[in-house]
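Here's the letter readout for the chains.
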Amino acid sequence: MTNPVMRFWRSTIGRKAVMAVTGIIGIGFLLAHITGNLLVFKGPDAINSYSHFLHGPGAELLWIARVVLILAVILHVAAAYSLTQQSHAARPVGYSMRKPQVSTFASRTMRWGGLLILIFIIFHILHFTTGTFHPGGDYVEGDVYINVVHAFHVWWVAAFYMFTMIVLGFHLYHGAWSSARTLSIIGDSPQPLHRRLAMIIAVVVWLGFTLVPLGVLLGWVG
Amino acid sequence: MMNLKLHVWRQPSAKDTGRLETYEARDVSPDMSFLEMLDVVNEDLIVTGKRPIAFDHDCREGICGSCGMMINGVAHGPQRGTATCQLHMRTFKDGDEIVIEPWRAQAFPIIKDLVVDRSAFDRIIQRGGYISVNTGGAPDGNDILVGKDRADHAMDAAACIGCGACVAACPNASSSLFTGAKITHLGKLPQGQPERDRRVVAMVEQMDEEGFGNCSWFGECQEACPKEISIDVIKQMNHDYVAAAARGSD
Numbered sequence: 000m001t002n003p004v005m006r007f008w009r010s011t012i013g014r015k016a017v018m019a020v021t022g023i024i025g026i027g028f029l030l031a032h033i034t035g036n037l038l039v040f041k042g043p044d045a046i047n048s049y050s051h052f053l054h055g056p057g058a059e060l061l062w063i064a065r066v067v068l069i070l071a072v073i074l075h076v077a078a079a080y081s082l083t084q085q086s087h088a089a090r091p092v093g094y095s096m097r098k099p100q101v102s103t104f105a106s107r108t109m110r111w112g113g114l115l116i117l118i119f120i121i122f123h124i125l126h127f128t129t130g131t132f133h134p135g136g137d138y139v140e141g142d143v144y145i146n147v148v149h150a151f152h153v154w155w156v157a158a159f160y161m162f163t164m165i166v167l168g169f170h171l172y173h174g175a176w177s178s179a180r181t182l183s184i185i186g187d188s189p190q191p192l193h194r195r196l197a198m199i200i201a202v203v204v205w206l207g208f209t210l211v212p213l214g215v216l217l218g219w220v221g
Numbered sequence: 000m001m002n003l004k005l006h007v008w009r010q011p012s013a014k015d016t017g018r019l020e021t022y023e024a025r026d027v028s029p030d031m032s033f034l035e036m037l038d039v040v041n042e043d044l045i046v047t048g049k050r051p052i053a054f055d056h057d058c059r060e061g062i063c064g065s066c067g068m069m070i071n072g073v074a075h076g077p078q079r080g081t082a083t084c085q086l087h088m089r090t091f092k093d094g095d096e097i098v099i100e101p102w103r104a105q106a107f108p109i110i111k112d113l114v115v116d117r118s119a120f121d122r123i124i125q126r127g128g129y130i131s132v133n134t135g136g137a138p139d140g141n142d143i144l145v146g147k148d149r150a151d152h153a154m155d156a157a158a159c160i161g162c163g164a165c166v167a168a169c170p171n172a173s174s175s176l177f178t179g180a181k182i183t184h185l186g187k188l189p190q191g192q193p194e195r196d197r198r199v200v201a202m203v204e205q206m207d208e209e210g211f212g213n214c215s216w217f218g219e220c221q222e223a224c225p226k227e228i229s230i231d232v233i234k235q236m237n238h239d240y241v242a243a244a245a246r247g248s249d
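Going line by line, the protein sequences match chains A and B. So the first sequence is residues 0 to 221, counted in numbering that gives the first Met the number 0. So the second sequence is residues 0 to 249, counted in numbering that gives the first Met the number 0.
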């Protein structure tokens with residue numbers, strides 16, 4: 000018990016705090032990502048020059064962001080996995096009848112939602128960052144606009160993206176709110192289950208990301 | 000008067016495997032408490048030479064925290080802010096079927112039927128749910144001033160009767176509401192300050208060692224709590240724990 004970092008990690012609250020901090024890093028990234036994505040509606044030049052900036056003058060920042068994000072994902076998943084194991088062990092025999100009273104659909108689907116989002120992240124990197132898997136047309140390095148248009152003309156790719164964004168919205172509706180409570184960055188409330196900011200974040204992220212595949216499918220883009 | 004069908008968890012001892020058994024509860028008055036209804040069923044069982052249903056109870060006025068069972072999938076039954084002993088049969092109607100199960104958690108092993116061993120809570124308290132003061136003459140009134148809002152917060156948390164409904168209702172079988180209530184109760188008062196860091200670290204450590212799950216903020220504990228303790232106490236516990244860890248407290 001000498002190492003304070005390991006001691007913190009071993010405690011349930013320590014791991015929840017890690018999940019909350021890495022989750023909030025994720026939310027910050029998502030909001031920045033949406034802002035970049037929406038440039039697709041301004042035309043090929045806008046989004047491609049943004050991409051060139053990130054890979055040219057902003058390359059160092061991009062790599063710092065990537066390292067931070069990958070570390071955040073690893074820590075978030077590792078904490079989620081071990082806490083889930085612990086929770087399952089905490090109730091080896093379940094109830095034959097159980098009626099949830101106030102827990103939301105979002106809170107009860109965090110684990111499955113998280114797993115889908117993890118699979119999505121891996122798919123998404125192979126799809127748009129490395130271009131390893133890119134159905135619908137050849138992947139063109141640096142031409143984000145063309146890649147997006149090609150990608151979302153494939154119906155099942157667009158459907159997978161849009162479905163995952165609904166799941167992500169639910170994940171954030173519970174995650175954003177519970178992170179703030181875990182880290183105690185919001186005050187006491189007579190209605191502690193109410194959440195306004197998390198609702199806004201969930202809707203903004205869901206809508207912001209859904210607009211791009213939807214725009215391609217409806218012909219607003221491309 | 001009403002007649003009910005009960006499906007009750009029967010388990011002769013910790014070592015035996017249990018199962019749900021069905022009993023008829025006849026001529027139940029709506030003015031009976033839930034425990035009185037079980038008393039009547041037990042009288043019938045005893046008369047017919049069967050083993051009565053074992054359940055924990057003591058004061059039967061909602062303040063001791065002894066009673067508690069899962070009633071139709073809800074800890075302490077369908078009425079909010081009410082322990083099982085204060086739940087009245089008028090909440091049910093003639094012909095209802097009621098499933099009665101013990102609290103389910105690794106840290107609350109079943110002793111018999113609906114009785115579970117909650118000494119894990121005692122061990123959490125032993126690690127810091129107290130303040131160390133010298134005995135002697137009673138201190139002067141108003142010697143230590145406590146603001147009204149702080150006193151109210153501390154009292155709201157101190158209302159915890161340690162019944163275990165929070166653990167029973169939590170999908171993770173977490174005891175965060177219980178431990179958070181004790182930490183908030185003492186942490187809000189001046190008398191609790193000297194041991195505040197040590198208390199939260201030790202109590203959280205014990206809570207984890209006992210095999211309770213983590214808090215995922217489902218909110219079920221707050222709804223199940225017969226004393227309607229707010230999940231804000233868990234926020235306080237997390238805050239105090241992270242602060243104590245940052246200060247390197249043992």
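Among the clues, some could well be false.
What the hints assert, rightly or not - Derived lysine-lysine pairs resembling BS3-like cross-links, with alpha carbons at most 25 Å apart:
| no. | chain 1 | residue 1 | chain 2 | residue 2 |
| --- | --- | --- | --- | --- |
| 1 | A | Lys98 | B | Lys111 |
| 2 | B | Lys92 | B | Lys147 |
| 3 | B | Lys14 | B | Lys111 |
| 4 | B | Lys49 | B | Lys147 |
| 5 | B | Lys49 | B | Lys111 |
| 6 | B | Lys49 | A | Lys98 |
| 7 | B | Lys4 | B | Lys111 |
| 8 | B | Lys4 | B | Lys92 |
| 9 | B | Lys147 | B | Lys111 |
| 10 | B | Lys4 | A | Lys98 |
| 11 | A | Lys98 | B | Lys226 |
Unchecked claim - Just the calculated beta-carbon pair ranges, DEER-fashion:
| no. | chain 1 | residue 1 | chain 2 | residue 2 | range |
| --- | --- | --- | --- | --- | --- |
| 12 | A | Ala64 | B | Asn133 | 52 to 58 Å |
| 13 | B | Leu144 | A | Met5 | 37 to 43 Å |
| 14 | B | Cys58 | A | Leu68 | 52 to 58 Å |
| 15 | A | Asp187 | B | Asp121 | 46 to 52 Å |
No lab work stands behind these hints: they were computed from the structure. Quick caveat, the model's predicted, so the values are computed rather than measured. Idealized CB from N, CA, C, for every residue including glycine.
Hint check results:
Only pairs whose Cα atoms come within 25 Å are accepted, and Lys98(A) paired with Lys111(B) is accepted, the gap being roughly 24 Å. Our distance criterion of 25 Å between C-alpha atoms is broken by Lys92(B) and Lys147(B), whose separation comes to about 44 Å. Restraint check for Lys14(B) and Lys111(B): satisfied, since their Cα atoms lie roughly 10 Å apart, inside the 25 Å limit. The straight-line distance between the Cα atoms of Lys49(B) and Lys147(B) is roughly 54 Å, outside the 25 Å bound, and the hint therefore fails.
For a cut-off of 25 Å, the pair hint linking Lys49(B) to Lys111(B) stands: about 15 Å separates their Cα positions. Note on Lys49(B) and Lys98(A): the hinted pairing is violated, with a Cα-Cα distance of about 31 Å set against a maximum of 25 Å. For the given pair, Lys4(B) sits about 21 Å from Lys111(B) by alpha-carbon distance, which is consistent with the 25 Å threshold. A C-alpha spacing of about 11 Å is found between Lys4(B) and Lys92(B), which places the hinted pair at or below 25 Å, so the restraint holds.
Proposed proximity of Lys147(B) and Lys111(B) is contradicted: the alpha carbons are some 44 Å apart, above 25 Å. With a C-alpha separation of about 19 Å, the suggested pairing of Lys4(B) with Lys98(A) holds against the 25 Å cut-off. For the suggested pair Lys98(A) and Lys226(B), the alpha carbons sit about 20 Å apart, so the restraint of at most 25 Å is met. The supplied range of 52 to 58 Å is met by Ala64(A) and Asn133(B), whose beta-carbon atoms lie about 57 Å from each other.
Checked against the given bound of 37 to 43 Å, the beta carbons of Leu144(B) and Met5(A), roughly 41 Å apart, stay inside it. Checked against the hint of 52 to 58 Å, the C-beta distance between Cys58(B) and Leu68(A) comes to roughly 55 Å, which is consistent with it. Remark: the range hint 46 to 52 Å for Asp187(A) to Asp121(B) is contradicted by a beta-carbon distance near 28 Å.
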